[in-house]
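Asks: Sequence:
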Amino acid sequence: MHLSQHAKDLDLLKRIADSLECGIVRKHKSREAVELVITKSEDINQKLTPLLSKHTLSGVKLLDFERFKKASILINSKAHLTSEGAVLLMSTNDLVSIFLAIELQSYGLYILSTIYRNSELSTTGGLIYFLLGGLSSCFILLGTIIFTIGFLFKHHSISDHLKKDLGNPYQHTLGVNYQIPGNP
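In terms of the working numbering, the sequence shown opens at residue 98 and continues consecutively.
Please keep in mind that the hints were generated in silico from the structure rather than gathered at the bench.
Misleading hints may appear alongside valid ones.
[Said to hold, decoys possible] Straight-line C-alpha distance at most 25 Å; calculated PhoX-like pairs for lysine-lysine:
#1 111 with 151
#2 111 with 124
#3 144 with 124
#4 166 with 151
#5 167 with 137
#6 144 with 167
#7 158 with 144
Produce the complete structure using the sequences and hints provided.
Replies: Structure, rendered in structure tokens:
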């Protein structure tokens, strides 16, 4: 989990990391920003989420935080391996949540494709699907990075941008179609 702020807020993020007793504060590579990086899910669920729940957020940030809490609860209860993962995918409106939902659903498909572990074809198919899924994840993350650099992070801003773009619209869906699997 990355919490980004302007570079002038370095002391603020350091104090937050010290009070939570978790995470690393580092400077962003391409922007004038600093970010607090928390990688352990226990720290996110037991320290960060209660802290943010105490302090009232408003507007879009509140909606994003509510979606984040729902996704966190799904992951902790392993419910993301069921239909709730698909519901999360349908209810999201930013690229990172879409990526998270698709990846969580893909793990179940990797397991199903290798269900016959004594079969060489099953194991080979599962491994190939896993490797190609990782490659398509790279496509999705690269697209997310490109859109983030251009500050296009929500669906409505991306669709407005794609309407203006003269390029091939099918290029933007390559990684997503393989992950979901939307292509034969």
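Asks: Any hints from earlier that this structure breaks? Give me their numbers in increasing order, please.
Replies: Result: no hint breaks.
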